[in-house]
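Peer 1: What follows is the residue order along each chain.
2 protein chains.
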Amino acid sequence: MSKEYRPPRGFRDFPPEVMILRKELISKIENVFKRYGFDPLDTPAVEYWETLAGKYGEEAENRLIWKFKDPWSDREYALRYDLTVPLARFVSSHPEIQMPFKRYQISPVWRHEEPQKGRYREFYQCDADIVGSPYPEADAEMINLIVDSIKSLGFESGFSLRLNDRRLLSGIFEQELNIKSPLAVYRIIDKLDKIGIDNVKKELLEQINNEEIVNKIIEVISLSGKPEEILENLYSKYGRNKLVNDAYNHLKEMLDLINNKNDIIIDLSLVRGLDYYTGPIYEVVLKEPKIGSVSGGGRYDNLAGIFSGKQIPATGGSIGIERIIDAGLELGLFNLNKKTFTEIQVIFMSQDLFKHAWHIANILRSEGYNVRIDLNRSKEELQRRKANKLDIKLLIFIGKKEIETNTVTIYNTKTNERANLNINELKDKIKQYL
Amino acid sequence: MSKEYRPPRGFRDFPPEVMILRKELISKIENVFKRYGFDPLDTPAVEYWETLAGKYGEEAENRLIWKFKDPWSDREYALRYDLTVPLARFVSSHPEIQMPFKRYQISPVWRHEEPQKGRYREFYQCDADIVGSPYPEADAEMINLIVDSIKSLGFESGFSLRLNDRRLLSGIFEQELNIKSPLAVYRIIDKLDKIGIDNVKKELLEQINNEEIVNKIIEVISLSGKPEEILENLYSKYGRNKLVNDAYNHLKEMLDLINNKNDIIIDLSLVRGLDYYTGPIYEVVLKEPKIGSVSGGGRYDNLAGIFSGKQIPATGGSIGIERIIDAGLELGLFNLNKKTFTEIQVIFMSQDLFKHAWHIANILRSEGYNVRIDLNRSKEELQRRKANKLDIKLLIFIGKKEIETNTVTIYNTKTNERANLNINELKDKIKQYL
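Chains as they are written, first to last, in full-length UniProt numbering: chain W, 1 to 434; chain D, 1 to 434.
Honestly, the hints are just simulated from the structure, not real lab data. Some hints here could point you the wrong way.
When chains are identical, the list treats them as one kind, so a pair holds in a single copy or across two.
[What the hints assert, rightly or not] Below, in silico cross-link-like pairs of lysine-lysine (PhoX-like), each with a Cα-Cα straight-line distance of 20 Å or less:
(1) 252 x 355
(2) 400 x 379
(3) 180 x 216
(4) 355 x 261
(5) 216 x 237
(6) 23 x 194
Treat the numbers as computed from the prediction; the structure is a model and nothing was measured.
Bound conformation, chain W alone (with noise of 0.2 Å):
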């Protein structure tokens, strides 16, 4: 039979030791979610490809997009590349649903990137997004969420929120300034952490060609600070125009709600690449380890109504577990050291006691504990032996002189403890030694 065993390139499987890792994560950001009120909504891995098409901007569309064809029908199918175009057409076709609506979901997208250290062809969004809102409200909302979410995680400070606006950019480059191909600009801007201020300033004079303008470009972008001082010199300068005025004064309420400022800086430099924002937009990078953004988001107003017509505002974030998990353990906030859910190993001192040692365990199983016994009619040294390599906490022993005086013998590996307890007693104690 065929010798391929592995998982497809940029694709990996997820043992025991990783996957109780993530779930813990997944599952501490799921709690802030639900606290902000969100709850989940699920959209099939599948959609057609007319729904996903148009949305992302050429690149995807054209190279990142896993398309195929039914063979059957000869119908167009794509893997989802994002949460959030599925939103949108969840949105337009249940008009019913109750504004705003405040959906979460953590599931996998697909891309077909290149793979590289902390890009994968598969890999989980753990979005949260609000749906009819339009007001500054619901971008704050969006921002504590986001920030408590890596703070759950243990990144307690150790971070920071990059703050930009669409209204900012549109509203000095496209109108200030004049520039005829802003997107081309704003792809060279977005290069910035990459290639640094002297690249982008050489690209942007071949791009445009003129001097004064170029200037003018990279002062705005060069304004990152704390967010008072960036739009009362925004304000001072481009206050005028209609655009950065709106972006001005839904940022000042978006701050005046946001719980920790100390976090966030306004960016100017802040592009992101999807091609659907239309006001705030946000990024949170880590200061240690230097691997990109772990979440991001902003607000996409014209997105949500798409396929029904009608203009409906939105707002959400994403928050990236892969990278926060290579993170997490490169900086010692996680590990991998819990291989294993189970708590308790029963262990049978021989065979014959088997059965006795089978009851014991499924009492405790009952008892909502998770429990392990050996199936391989091992000895005892090697049920002992595999128990320690998967760091069990618990052992019960059972043997001869135990079954004799209606006992089990209880040893916890962890301080050395030991007891002799009777089978009667054994639910109601078993918890003051785990």
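With chain W held as given, fit chain D onto it using these hints.
Peer 2: What follows is chain D alone, placed relative to chain W:
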């Protein structure tokens, strides 16, 4: 833009009220899996086509597996068809893992079925498998786990587990009755529930053309009932056959370790479709409604090692959450009444009190409560109406009077209980009203 806003045919969106139920049920199943000492594994949605090829039989291969070519590399991929073959691939590429490897995976799989009631193109499987034990203990643990899972969902006694063994089928039909085209015969037997015994007999006669043999087949597949009786009956007739004898001993040992023997019937007409089973096989069928099996599994000693060429014994089972939900809703065991995880809505009597209400909402969130606050500058009455539609239990009112007295007014919509609490005691006292 595109007017296409349905999910693809055979795929579904799950709105919050459905997701809340699904999450609750899946979490119950997962807890039972953990109690039996199983740990999570995750494999990707996408596999190389070669990984799946040749594992599931002709129909799956030619019609049901979603396959597609990578347009860039021309390499063939497929969406996973079940969770068992990916597990086998994982085990083969990880010779270091400790046996027995007890893993669970709760994930969607994709099948290109013709959509119909209870049959979807994307559906979740809740799988638990024990890799590395050839013993009846492992099969018994699987059956105890499956029965406990079904019971944990609320199906106390409304089901039965039909048990058979592939070795009984091979020993009796292929060796004792000397049937030359067993697969065709099994396929006919498999239709018993749908077409009835008379039609099975008719089709068998067409296939075999020997009334004596057909009568013997009918006699065998009509054996169904209490495990001990059926086993002894079989043993007296076919016990001389090595396969029948092996199955007899294996099943006897298993049954000795099963907690609820009343839930089990041995049923010689149980065939199960998948090609890879080699020992005990089983299915769980609800008494009402008649929707086919909600769970199934068995031993497959030749699959887990197929990629590495070593023989690795394995046994496992799968629970189908979609049919269970359909059935539970029909029976009234489940409902979709819970529309939100949100427990508390903070209501501001006028917009100028918003910031204070926001502050209260954030205090409650930091205490771990799930809290909503209006984000649309709605009038107080509309805020209440929206909270009512979501059936949110506790309302907290912030009015001028409350602000003056540093209090909030709380109202439990279920009990009609009302109270005025000082903000300083809110954290401690709110629990009593939830």
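Peer 1: Hint by hint, which ones does this structure get wrong, listed from lowest number up?
Peer 2: The structure breaks only hint 6.
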